[in-house]
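Asker: Given only the sequences and the hints, what does the whole structure look like? Please build it.
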Amino acid sequence: MQLFQDLVLEIQRGESLAIIGRSGAGKSTLLSLLAGLDTPTEGRILFDGQPLDTLDDAARAQLRLQQISFIFQSFHLLPELDALDNVRLPLEIQGRADADAQARHWLEQVGLGARLDHYPAQLSGGEQQRVAIARAFATEPKILFADEPTGNLDDDTGHQIIEQLFRLNADVGTTLVLITHDTDLAARCQRRLHLHNGRLEEVSA
Amino acid sequence: MSLLTRLAGRQLLSQLRTTEWRALLLASWIAIALTTLLAVLGDRLERGLLRESAALLGADLVLSSSRPIAPDRLQGLPLDRLEQTQVIQFPSMVGQGDNLMLVSVRALQAPYPLRGELTTAPAGSGIPAPGEVWAEARVLTQLEMSLGDTLEFGYQPLNLSRELLGSPDRGTGFRSFSPHILVNAEDLEASGVLAPGSRANYRILFAGPAEAISALNTALQPTLADYERVHALSKDQPLTGNALGNALSYLKLSALIALLLSALTIVLALRRFSLGQHTRSALLLNLGLRPGQLIRVYLYQLLLAWLLTATAGVLTGFVLELAVYQWLAELLPQALPAAHWLRWFSGAALGLALLVLLGLPPILQLARIPVAHLLRGDAPPRDRTALILQATSLLLLAATLLAFLEAPLAALGLLLFLLLGGALFGWVAQAGLQLCARPLAKRLLLGRLLLMRLRQQRQWHRLQAAVVVMLLTLLSVVWISRSDLIEQWQAQFPQDTPNYFLINIQPWQKEGVDEFFAGRQLETELYPMIRGRLTELNAEPIKPQLTPEQQDHNTLRRELNLSWMAERPEHNPLVAGEWWQPGDTGAISIEQEMAQELGLELGDTLGFDVGGVRVEGEIRNIREVVWTSFRPNFYIIFNPEALQNAPATWITSFHLEPEQRAVSRELLQQFPSLTLIDIDQVLNQLAGWLQRLGDSSALILALSLGCGLMLLGVTLLQALEQRRFESALLQTLGVTADQARRLDLLEFLLIGLVCGVLASAGAEAVLAMLHQWLLQIPPRLHLGLWLSLPPLAALIFLLIGWMIRRPLKLEHCYRLLRAG
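Just so you know, the protein sequences line up as chains A and B, in that order.
For the first sequence, numbering that gives the first Met the number 0 gives the first residue as 0, with consecutive numbering after it.
For the second sequence, numbering that gives the first Met the number 0 gives the first residue as 0, with consecutive numbering after it.
No wet-lab data here; the hints were simulated from the structure.
Bear in mind that the values here come from a model prediction, so they are computed numbers and not experimental data.
Do not take every clue at face value.
[As the list claims (entries may be wrong)] Here are some of the chain B residues that sit facing chain A, going by a computed Cβ distance under 10 Å: (1) 447; (2) 448; (3) 451; (4) 721; (5) 733; (6) 734; (7) 816.
Ideal Cβ positions, reconstructed from N, Cα and C, are used throughout, including at glycine.
Answerer: Encoded structure:
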């Protein structure tokens, strides 16, 4: 089965980009290909000029560790770790000595400075997603993939989360790739791409 | 086949691929196999050896006495319509050439037995003719004899004419387990093996109509002397205080551990299974299936699972029973009868109870799931009905298990011990894990995560550690003690510790025996031995002056062996008072523990009944006695003047090197009426029993370990399932699949090592206690234990973890995280 056809996409550093499309169009598969979690059977993906398919598992893990972050629809915090430890986790995996200070800094950035020792179960959905955002930005990635980041949140909370996401994106200069159904959210991105029948079409503003 | 049955069958088939159902099936398989083994073996042992039945007594009523029964003993008793015969049973050394062995001899008169029958090869009827002997297989093997050979029985050579395969009336206690030979009573006198004062059991067997037996029993009871007993067949009940009966209870109790572990495995597996069935049940109910029908679908599924495991379990039980019976056969006095056919199914019945009682609560809960679960994910209500249901099932199950074990108090005690021990080990193991992981956490990439995980998993870790540590501890103790204990115990004795006891030396033989030993440069000392009963303390009857526990003291329940001597025995140091001077009549010496336990002090006067004559003496000193010195030792020693004229036999012990064994043969040739007891042979027999009992118990514990591993599997599965998200997330965060796997395995390795170390410590502690209190020798370290258990336990955890852990491919990580 062929999922994508004639798919050519170039993303610039610091750009924000939304991929929209109906369910089952292949948005998530596209995202996992872009992030190097999956390998295409044909074609290639280059990151900073380097083809991902030439990297072995360890090198790709290293790439994710240093350059890429994710935000998921269902947050995916580890339930046994408190907010601070959840954010500290990727920093510790990087082996950073300032893991603790960095984690505190980023939790303060998302407004959770007072809830460092709260466990996910003690946080609301919005707060959990903010912890996830802090975790994503803490490693100062070059590119951030967000998959329906507001899908599990009510409108108001979703709105606040979006504000925070774009603010941080602007502050840090991270490239942001969003998958969403939400047209308002998509409208805030610099570029919008519609995935349909395996083809990507640029949608003009 | 109805749709419901088909659905149940399909469900089971698809579930067979899940780890929880595999664990459930294996756990109930082991439980059924074990209970089948024990039910069948237990029934055979009971029928063959433990139940006081006519076929085992060889009569309807037996009068048994430790003294010869006078010809007029039965005068005035109602003997109408009763058949009777006499038997004398005693230990004796018999042999051929240089081979000697201690056997239990029964001297018979026809007719014998009055009930049941003697089975022999070649088959035949009656009793051995004069000049003939029938012997059990163990005698033939040990003395390397075959039919037609001559057996030396005192002065009388006997022709070995038949092998004895089975016989009733084996007597009670240890003698019933010695190898037996049957001889004709007419040969007894010529053999010279039985002299006045010899240790023998004299019996009269009676058989006849029930009312005549009952009348005799009633008439006999008031005339019984304290050296006489009546064994009447009042009810078909197990013999009490029998070593074999205790061994069987011990094996059954070891099985309790396996049963509890399988029950726990089944509970956890079913809980996991039912959690995964919520949507399916809601869907089936939504499609119009009635709750009753839904319950039936799941019940059918359980029944199918039971059919599968019951078939496999009964077959496995059959094989295990064959194996264990083979182990025990050479030690058992005779072949066992087949078990009652129903016993073959008691394991399967217990398995059914296990599955249905544990399965019903979750199944009934499934039938209560709201259809709205499909929309909102509602769970079934957790209310009082659910709780009551669960509690009732557990109670019923507990009752079933206790009924199977037939020793509710011991089982409850063991249960309590397991719970407390498990809780303690679980807690210590968890603390130990934290302790080991903390320094690691600082050095390892994912160390912090490991620490967090240990905290999050602490409930499961406690359960896993408790189960594994307890099982490994018990298994090691049983394994080591089965051979180690006796070896250790024997090793403590000096090289020249006596290994033969010689008893029944008559006064007129004393000089000859002394000369015999002197002529062979063997140092021995002969001690007089007089039987007497302790009756008075300070000129008043002793019993009313004692507490009920003291009244039950070993020294008050039977006739004591008393002695007299002028000098203190060298091997009995004094702990209080002084030894008497010549001519100090009325002085006695008492053994330390007896004095302590009965509260007797220096200056107390004790009165004894010695063959109807009252003898008394004042306690002048208290002696320490090391009973394991294998020298003649006595609770009470008199001054010579007090007992010199009482009827005495003499006793001694001596040491023979293996190459001097001919001496024992010469001794018996010269003095056939002496009873020579070869301590090495007795100890070997005991060691054989301990080893076989240990083997059987280790087998049961190994199967319990199997159940424990299933339980471990189910709990690890639970943990690993939770961890799939964690592992997926870690990989998207930049951890390689290898690193994620190493983290899991490190956790298993750590918990395994901690469990192994704890189990080694636990086993050492138990063995040390056994050494200290049972054998009274200093404990020693078992280095092998410390070297083997930790790696073994780590291997167990690693292997199970490795088998259950499904590697998560990178491309699945993202899909898994999206789905969640």
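Asker: What hints, given by number in increasing order, does this structure fail?
Answerer: Hints that this structure does not satisfy do not exist here, as all of them hold.
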